[in-house]
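Participant: Starting from the given sequences, assemble the full structure and let the hints guide the process.
Chain by chain, the residues run as shown.
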Amino acid sequence: DSGVTQTPKHLITATGQRVTLRCSPRSGDLSVYWYQQSLDQGLQFLIQYYNGEERAKGNILERFSAQQFPDLHSELNLSSLELGDSALYFCASSVARTLRSTDTQYFGPGTRLTVL
Amino acid sequence: LAKTTQPISMDSYEGQEVNITCSHNNIATNDYITWYQQFPSQGPRFIIQGYKTKVTNEVASLFIPADRKSSTLSLPRVSLSDTAVYYCLVGDPRDDKIIFGKGTRLHILP
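Note that the protein sequences, when read in sequence, are chains A and B. Every letter in the first sequence is one number past the one before it in this note's numbering, and letter 19, counting from 1, is 11. To convert, count from 1 in the second sequence and add 1; that's this note's numbering.
FYI, nobody ran anything at the bench for these hints, they're computed from the structure. A couple of the hints might just be wrong.
Claimed, not checked - Listed next, the in silico SDA-like pairs over lysine to any residue satisfying Cα-Cα at most 20 angstroms (straight line):
no., chain 1, residue 1, chain 2, residue 2
1, B, Lys70, B, Gln50
2, B, Lys98, A, Arg47
3, A, Lys1, B, Gln43
4, A, Lys49, A, Thr90
5, B, Lys103, A, Ser30
6, A, Lys49, B, Gly102
7, B, Lys103, A, Gly34
8, A, Lys49, B, Asp97
9, B, Lys103, A, Gln29
10, B, Lys55, B, Thr73
11, B, Lys98, B, Asn26
12, B, Lys103, A, Gln33
13, B, Lys103, A, Leu80
14, B, Lys98, A, Asn43
15, B, Lys103, B, Ser10
16, B, Lys98, A, Gln33
Claimed, not checked - To give an idea of the chain B side of the interface with chain A (calculated C-beta under 7 angstroms), a few residues:
no., residue
17, Tyr33
18, Thr35
19, Gly44
20, Pro45
21, Leu90
22, Gly92
23, Asp97
24, Phe101
25, Lys103
Cβ atoms here follow ideal geometry from the backbone N, Cα and C, with glycine treated the same way.
Facilitator: And the structure:
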């Protein structure tokens, strides 16, 4: 158990809809990272928040947005969903402010999103 | 960020030692090598990190030759539960980026 929690575990929705994924980081971690993992694309970094502020952006679509709240939990909002958005979405947390591969990230169990 | 190349997949048997090699020909002086493990339907988990020579922990060993253009993750006496995807990452502590790639899918057979 990494200490990172994500809800819901599974989510099934229809095209055009909007969903919110939630993540609670490990106690003491200020950074939250969101990743998307689809079968053909591997693990893709989306966005990072550090202590409530956006810190780094990766391959995140404009239809997607995220925020980190004062209690440090984070939400990833996905809107105008398309079939291609079906994927596993992981949240990770770290004590580090950075996005470096040298700083250990702790991953949650993921949310499996299915868009029908 | 230095690019890495790993085998797409590997098969091995229970009780064997498994070595997964990662090539990083363009590794820079300040780059470290980090490995993550991802079990099916779970998030990746940090395994080991090193800069040169050999690093060992309770899970694995990491061998890095003098030229650092490759590294080998060694898993001793694997079991079925070691079936996972293993990711090799190379990055500079000063470089604010992370790239996981597609990793190596290791399948352990009984």
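Participant: Against each hint, give a clear statement of whether it holds in the structure.
Facilitator: Hint check results:
{"no.": "1", "hint": "Lys70(B) x Gln50(B)", "verdict": "holds, 15 angstroms"}
{"no.": "2", "hint": "Lys98(B) x Arg47(A)", "verdict": "holds, 12 angstroms"}
{"no.": "3", "hint": "Lys1(A) x Gln43(B)", "verdict": "holds, 11 angstroms"}
{"no.": "4", "hint": "Lys49(A) x Thr90(A)", "verdict": "holds, 12 angstroms"}
{"no.": "5", "hint": "Lys103(B) x Ser30(A)", "verdict": "holds, 10 angstroms"}
{"no.": "6", "hint": "Lys49(A) x Gly102(B)", "verdict": "holds, 17 angstroms"}
{"no.": "7", "hint": "Lys103(B) x Gly34(A)", "verdict": "holds, 5 angstroms"}
{"no.": "8", "hint": "Lys49(A) x Asp97(B)", "verdict": "holds, 11 angstroms"}
{"no.": "9", "hint": "Lys103(B) x Gln29(A)", "verdict": "holds, 10 angstroms"}
{"no.": "10", "hint": "Lys55(B) x Thr73(B)", "verdict": "holds, 10 angstroms"}
{"no.": "11", "hint": "Lys98(B) x Asn26(B)", "verdict": "holds, 18 angstroms"}
{"no.": "12", "hint": "Lys103(B) x Gln33(A)", "verdict": "holds, 7 angstroms"}
{"no.": "13", "hint": "Lys103(B) x Leu80(A)", "verdict": "holds, 14 angstroms"}
{"no.": "14", "hint": "Lys98(B) x Asn43(A)", "verdict": "holds, 19 angstroms"}
{"no.": "15", "hint": "Lys103(B) x Ser10(B)", "verdict": "holds, 10 angstroms"}
{"no.": "16", "hint": "Lys98(B) x Gln33(A)", "verdict": "holds, 18 angstroms"}
{"no.": "17", "hint": "Tyr33", "verdict": "holds, 5 angstroms"}
{"no.": "18", "hint": "Thr35", "verdict": "holds, 5 angstroms"}
{"no.": "19", "hint": "Gly44", "verdict": "holds, 3 angstroms"}
{"no.": "20", "hint": "Pro45", "verdict": "holds, 5 angstroms"}
{"no.": "21", "hint": "Leu90", "verdict": "holds, 4 angstroms"}
{"no.": "22", "hint": "Gly92", "verdict": "holds, 3 angstroms"}
{"no.": "23", "hint": "Asp97", "verdict": "holds, 5 angstroms"}
{"no.": "24", "hint": "Phe101", "verdict": "holds, 4 angstroms"}
{"no.": "25", "hint": "Lys103", "verdict": "holds, 4 angstroms"}
Violated hints are absent here; each numbered hint is respected by the structure.
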